[in-house]
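Number of protein chains: 8
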Amino acid sequence: MTEDQIRQILNDHREGKLSGDDALNRLRKLPFEDLGFANVDHHRSLRQGFAETIFGSGKSPEQVARIVESMAANQHNILVTRANTEQFHRVRDSVPEAEFNSLARTIVVRKDQTIRGKGSVMVISAGTSDLPVAEEAAVTLGVMGNTTDTLYDVGVAGLHRLLDRRDRMLKARVVIVVAGMEGALPSVVGGLVSAPVIAVPTSVGYGASFGGLAALLGMLNSCASNVTVVNIDNGFGAAMVASLINRV
Amino acid sequence: MTEDQIRQILNDHREGKLSGDDALNRLRKLPFEDLGFANVDHHRSLRQGFAETIFGSGKSPEQVARIVESMAANQHNILVTRANTEQFHRVRDSVPEAEFNSLARTIVVRKDQTIRGKGSVMVISAGTSDLPVAEEAAVTLGVMGNTTDTLYDVGVAGLHRLLDRRDRMLKARVVIVVAGMEGALPSVVGGLVSAPVIAVPTSVGYGASFGGLAALLGMLNSCASNVTVVNIDNGFGAAMVASLINRV
Amino acid sequence: MTEDQIRQILNDHREGKLSGDDALNRLRKLPFEDLGFANVDHHRSLRQGFAETIFGSGKSPEQVARIVESMAANQHNILVTRANTEQFHRVRDSVPEAEFNSLARTIVVRKDQTIRGKGSVMVISAGTSDLPVAEEAAVTLGVMGNTTDTLYDVGVAGLHRLLDRRDRMLKARVVIVVAGMEGALPSVVGGLVSAPVIAVPTSVGYGASFGGLAALLGMLNSCASNVTVVNIDNGFGAAMVASLINRV
Amino acid sequence: MTEDQIRQILNDHREGKLSGDDALNRLRKLPFEDLGFANVDHHRSLRQGFAETIFGSGKSPEQVARIVESMAANQHNILVTRANTEQFHRVRDSVPEAEFNSLARTIVVRKDQTIRGKGSVMVISAGTSDLPVAEEAAVTLGVMGNTTDTLYDVGVAGLHRLLDRRDRMLKARVVIVVAGMEGALPSVVGGLVSAPVIAVPTSVGYGASFGGLAALLGMLNSCASNVTVVNIDNGFGAAMVASLINRV
Amino acid sequence: MTEDQIRQILNDHREGKLSGDDALNRLRKLPFEDLGFANVDHHRSLRQGFAETIFGSGKSPEQVARIVESMAANQHNILVTRANTEQFHRVRDSVPEAEFNSLARTIVVRKDQTIRGKGSVMVISAGTSDLPVAEEAAVTLGVMGNTTDTLYDVGVAGLHRLLDRRDRMLKARVVIVVAGMEGALPSVVGGLVSAPVIAVPTSVGYGASFGGLAALLGMLNSCASNVTVVNIDNGFGAAMVASLINRV
Amino acid sequence: MTEDQIRQILNDHREGKLSGDDALNRLRKLPFEDLGFANVDHHRSLRQGFAETIFGSGKSPEQVARIVESMAANQHNILVTRANTEQFHRVRDSVPEAEFNSLARTIVVRKDQTIRGKGSVMVISAGTSDLPVAEEAAVTLGVMGNTTDTLYDVGVAGLHRLLDRRDRMLKARVVIVVAGMEGALPSVVGGLVSAPVIAVPTSVGYGASFGGLAALLGMLNSCASNVTVVNIDNGFGAAMVASLINRV
Amino acid sequence: MTEDQIRQILNDHREGKLSGDDALNRLRKLPFEDLGFANVDHHRSLRQGFAETIFGSGKSPEQVARIVESMAANQHNILVTRANTEQFHRVRDSVPEAEFNSLARTIVVRKDQTIRGKGSVMVISAGTSDLPVAEEAAVTLGVMGNTTDTLYDVGVAGLHRLLDRRDRMLKARVVIVVAGMEGALPSVVGGLVSAPVIAVPTSVGYGASFGGLAALLGMLNSCASNVTVVNIDNGFGAAMVASLINRV
Amino acid sequence: MTEDQIRQILNDHREGKLSGDDALNRLRKLPFEDLGFANVDHHRSLRQGFAETIFGSGKSPEQVARIVESMAANQHNILVTRANTEQFHRVRDSVPEAEFNSLARTIVVRKDQTIRGKGSVMVISAGTSDLPVAEEAAVTLGVMGNTTDTLYDVGVAGLHRLLDRRDRMLKARVVIVVAGMEGALPSVVGGLVSAPVIAVPTSVGYGASFGGLAALLGMLNSCASNVTVVNIDNGFGAAMVASLINRV
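Protein chains in written order, with the numbering used here: chain A, 37 to 284; chain B, 37 to 284; chain C, 37 to 284; chain D, 37 to 284; chain E, 37 to 284; chain F, 37 to 284; chain G, 37 to 284; chain H, 37 to 284.
Note that these hints are calculated values from the structure, not bench results.
The reader is advised that the hints may include incorrect statements.
Derived contacts from chain H toward chain G, CB cut-off under 8 Å, selection only [to be verified]:
hint	residue
1	SER55
2	GLY56
3	SER239
4	GLY248
5	LEU252
6	ILE268
7	ASP269
8	ASN270
Quick list of the computed label-pair ranges, beta carbon to beta carbon [to be verified]:
hint	chain 1	residue 1	chain 2	residue 2	range
9	B	GLN99	H	GLU105	46 to 52 Å
10	G	SER96	D	SER93	48 to 54 Å
11	D	ASP203	G	ASP58	17 to 23 Å
Keep in mind it's a predicted model, so treat the numbers as computed, not measured.
Yeah, the Cβ is synthetic: ideal placement off N, Cα and C, and Gly gets one too.
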């Protein structure tokens, strides 16, 4: 409708209802956004078919439910990350098709099953304790329209499990590697595939893991040149970037 | 030639020269690599048209020159990163077409001008002190066969410089953002484009920048969901990942 | 009354009741404070019309209530920060006009509505999770006698929301910017206004935010030259300094 | 001249030379900056009478000299921070009135002696080793048009030196406190004055001072509520903010 | 009784019951401790009139009570630090004269009222939140036989409260200074007295206090040359060292 | 059975059922593991007589019980570390011979009493709070088939207790030293024995122990040249390495 | 002479030359210091017979020499710490009796040989690399009037060297322990003596010693209750506190 | 000769020359060491055939040469670590058979070629920049009497190089793994062998490697249970422990 406003100003000026100065002033006062500088976030979420996402942590069940309800009118997928059971129960009261993944801590409303990614994204994780983060990535990939393959519990101290699946790895267009403790897995995977690898350190570990710092530093210093890193436990973020790459 | 060895074993067994047990044992003893588990690194560098890369730091001019010479026989591009003038002079003695970029600290031997990337990669940097890292990324992108666009000196405290170039940004298939100090630029750029953003913290700054730690932490905590991060000052690594994404 | 004591000493000496030595000795023994070296804190709070402030954290409801009661006799505003519901209920029993802001975690007794600030102070915050700290600042600003404007949820990854309100920003005499995660917002705002910007890092975030450290370092390294920083989550402190600047 | 462009578009549309759609498109393509979204930095430096500033560190004498020359045409003051003797000699060749302060490491070209600050800014420093940072602040304050008072070598372990000058402190409209080691001085000064205090930690110290970290943390945790903090050794930044406050 | 053993060996050798070699071997096998290398800890606690001390944290009420009972037979004072109410109730069942200080979190059985310190030890603390640590120091000082003076709530931002009591400070033979946040108080006190100052950082604070790290670093970097430091929250340790100094 | 597969391929080729190319291809596709590259982990645990180990932390009683049940069929020892009472009760329902050590937080099913270590391993610990980690090491050593000696509560501030037992120390083939706080004990023990010393820092302490960091750094910087270090609180890991050394 | 000023004011008032108000005002304006609030630093250095001290680091030979000259008039000892050869040569030109200790990096002018300490202070150090700090402490102790005993190169990995000298240790009234690397020596010494122990961490070490951080943390977490700590490499500070304790 | 002293005391007592009390006293005064509490260090170095070791860093060529000369009389091997060319030239003047390894920075005087280790020790390193540390370990192993195998330049991003040599790895009795950057190699090797693995982090890397901290943390958090860790760059220490294990 801003476009209409501009046309109106141009028209009014043309028809002499608006002096040049007044037209200029009214043009200047138009909201910034309306001058063509689009809300990229919005773009990305809605026009490109990405799901709408809510960060559940710290929100009440009521708050989460209300946001989900307001979104449920349109036909996009909806994803709540870092969600808990209480939030899910309250959401399901309003939106019965909502699904909960207790391991990934996600609530998903899936309205759009379109596959938008050009290839497959693989999620690899090191230990069983890394599964919540790996699953958050996998759920996010699914709801964002990607074909996904997962390979869990393949730590670097048991290389054979990893090497046995090298064929599946080589098929992926993007690989997400989730690991805590020493965070070595992305380097090893990075050396086995030529696809971009997105490394997700997890806060899994104790003592000198310092809440994921050890894994984070390990991944940043990876000797493999196809590895980039996201924040500790940020399975969602890794999946978002992987989705973008999978569409380019 | 390993393939030949295997065929030989199969043949010898067929012809009865080798018992089943002996064939089995000889198969087991074949070098791992030869059993089809290729050297991915090698693959990547050579078969995929990537340049061969040498990390110059800590190597003598003689060492660098000898490595470059041995590579110069084939027709791949050659890239020396973290190079200095002494290394360059020594390399040029052997390989006269070598070129030095003193800002990027790179030596390049460019034999292959093929553009392999599907789109353009943009390199954006915040301050003039970030230029060496930004240029390392730009040179690497070039030598790896990408079309490159650069946008330098567009710090977040002067947004208009950035916003004025939003059209160029939107054209990039991948964006590399190089910034020191508070490392805020990738978040801002991440919100303006829908392409994947690779953030490179630099060690530029003083006091509480702690050698790039402030920028690194800022980028890892980016509120934009299309940002991944590489190590401090790792312009080369960012360009490698960008090249991979630009080819998928 | 110290002044009276000094006059008495002078008098006694004049009238010969006190020798020179005795007068000297008695002068020396007067309490330090009484010799004109005023309690600046007291000054600031009471003579300059600032509210009396209580740090609620770690105090029992009974303790908070008793302090508020003892202050309620005079006509200054009273502010309890980091307060909880129990403290509020107990305070309200004694001082019925007390008001609770559960988001800001503040109890306020507002007796003095005088506006003492010369201009307006704006509070800008990045994400919804930063609201408690932003509101603590806003409540403090109000109770200290400032006109306040707030602009919430304008993170750097969605610049248009920020740019749209540039007029309101430019009107502020001082700007407080509250942000967690990468802490980039103060740099961006600092580049858009010429007023002093007080940056408040928040402990909002996870993983490599390290309890607000990432935001704090980001703000200290701001490339905008009008930014100063207070402690993590210190909305109150930012508002105090802003109030001082707003009165100079 | 952008205004002219817009008027032209409006005119052309009015006169029928430009269809509504074409006018709309041309309006959208105007450079962002020209649409009234001014370069605040520029504003601040030039229209508000601030000096133009160059960060000398890492620039060659030639580079610094060329920038100073290009600025010397107009009548603004020019400030080079973190400058060295070589840079100064080269600058003086082109701009003979340039002055060097070797302690502050500043080159100043002073063309405009106007006092723009409404009051006086005081710079207080703890030890003799903090002087370079304190002097950087003092020089900056001068060149930005402030009346300045300095009080050096008044560490908290010798309080009497500080207390003796309380009258001078109380006269300042803004106080900058520069301290290394334990960084306690801003808290003490903050309790003695009611003006805003800008604390500058310095990298002075050894051992557990960790390059100024101890002083920085001390200042951020100040128990005085009128203290804000800038980056370690950032005397320039403190003076910039003080100048802004001194003009409001 | 070891002495008796040695005499016996000497005797047996003298009387020919033991050859030289056998005497030598038996001497070598005597327990190390018995050869005069006393248990210094024991010495200190018991012969020098120090109280016996139990670290209560992590022990069950039953465990604490049993240890106290076993000690209560002799006439030394007994001190339990980091104690809780449950431990106290259980101890009092067995040792009715036990006393609990809930602020200091100490249980004390006082059998020996002898004053062993040569002078007085002063405990100074900065804020009300530092009181548990200050009181732990004060209680320990008392039970170790020292005359004690306390001066609480005298933070560096309100110097007059401190300066007013300078006479009391100057009388102390040793001064313990307890402070959290910026930890500046020991430097200020250190500059006012010539006695040794033992600084105790506390974990009081939030944000960039990092659990007492800011205060600890501040104290280690003190510009006053009569300050030494103990661990964060270690009121007991400071009092032990002060007791030793007070007896030399 | 992989061996059988390879023999089959060889056979088929011999008999002409499989061309050379097909044999080659089928050989390439065999799972990596089956080509003789054994699962070392498995080897270690089972063929070498090590117990099977489960990390109990974060697993439900049901999960732990199911894993133990599935292992209980064979005759290996089973060890659950970081176990709790609930897990034990549930395990005991299925495997009545399971034993719980509440201090070590271990569940053990001991089927194999064979001593496999060639000598004795000693576990030394500094304070009573280090006992859980020391006991985890001792229990692990036992279940892995080692003769074990323990020496607890011998902190460096009471050297005589340590020196008195030097004979027992000298008999050990490997020594594990568990210590929190300053972590000095491994250096002292390292100087007293010539056996390899494995140092285990514990998270015991408060304030500047920073969760075991102080002890960890102390041990890494040990001036004794026979000391290596494992992660904070990793009694299990120390015992595993000690078991390996004890068998070489 | 301030006393005279006060007497004059009293007199003038008595004689009617000064009204009560004027006397009051003039009393208030007297310099703070003159009102009896002495310069403690000065006191300590000069009246108590302590040497005057100059921190040489960062000062030019000329600056050091001028300060020493100006002090050399009176009869106090003079100590320059962190001094270098150039500074010494320049000082000796003016003050021929100056002596240089190149290991301790001290210049000393010894005019006063009085022993003021009541007992002996012992300096113990761990390794040969700790000697500069240990010697700085020893030289300072001497110039401050203490009897000193030194025991060098007695690291905790060779306990016998330490234990052999236990008699000398037990004679000391205060013990300074200097150690780098793991910083364990103060704990061991603290358990062997009942005197107060002042621990000085040194920056000796590499890798995870992090410039003395490991030793510092170790000492702060000492399990011996008679240990306090000063800054890394602060031999001077330890000696100052030891001198104070040795005089009480 | 101490033994003689004791015999003498026993004799004198037997012969009545010494009373029981006097004998007791004289026994007590004997030097600690002489009472059988041997200098373990000495033992280890000399009786067990270990080389005598000198830490060259920070010592002058003259100092190193003098120490080497004094040792060269006996027939032990001598090892100088962290040595430089100057030290070597000076040593060779006195001890012509001394050899210098410029990569390992070691000077070796090899007099004893005895192999004392029971098996072979393997040294594996990740990158070419890790070679100095790996070589320090290898040289130390040799001079301490071990058979050594080395496997260099086998980073985890090129697994095939590592996997190809698995046979050699499996033959080692102890494995030392040297790696910088992410420090992942020990985990991978640990999973491939059942021997104890000693991990040596190196300071190789840049940016977020923080001088080896990333590698150190990675190794401490290794998911392989046969890995222990030594200090950053401590190739010597790893070799010492490996030598001990190789002899048990």
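| query | In this structure, is the beta-carbon distance linking G/SER96 and D/SER93 contained in 48 to 54 Å? | reply | About 23 Å separates the Cβ atoms of G/SER96 and D/SER93, which means 48 to 54 Å is violated.
| task | For the hint on H/ASP269, just tell me whether its beta-carbon gets within less than 8 Å of chain G. | result | Hint on H/ASP269: holds, closest Cβ of chain G at ~5 Å, below 8 Å.
| Close enough to count: is the Cβ of H/LEU252 nearer than 8 Å to one in chain G? | holds, 6 Å
| task | May I ask you to test the interface hint for H/GLY248 with respect to chain G, counting a Cβ-Cβ separation under 8 Å as satisfied? | result | holds, 6 Å
| message | Hint H/ASN270 vs chain G: min CB-CB distance below 8 Å? | response | holds, 6 Å
| query | How about H/ILE268: closest beta carbon in chain G under 8 Å, or not? | reply | holds, 3 Å
| said: Using the nearest Cβ pair, does H/SER239 come within less than 8 Å of chain G? | reply: Holds, because the Cβ-Cβ distance from H/SER239 to chain G comes to roughly 7 Å (cut-off 8 Å).
| Evaluation of the interface hint that places H/GLY56 against chain G, nearest CB under 8 Å | Check failed: Cβ of H/GLY56 comes no nearer than 22 Å to chain G, outside 8 Å.
| task | May I ask you to test the hint 17 to 23 Å on the CB atoms belonging to D/ASP203 and G/ASP58? | result | Because 18 Å falls inside the window, the suggested range holds.
| said: Between the beta carbons of B/GLN99 and H/GLU105, is the distance compatible with 46 to 52 Å? | reply: Taking Cβ atoms as reference, B/GLN99 and H/GLU105 lie about 36 Å apart, which means the hint is violated.
| Once the shortest beta carbon distance from H/SER55 to chain G is found, is it less than 8 Å? | Violated: closest Cβ of chain G sits about 22 Å from H/SER55, beyond 8 Å.
Hint compliance for this structure: hints 1, 2, 9 and 10 are broken, all remaining hints hold.
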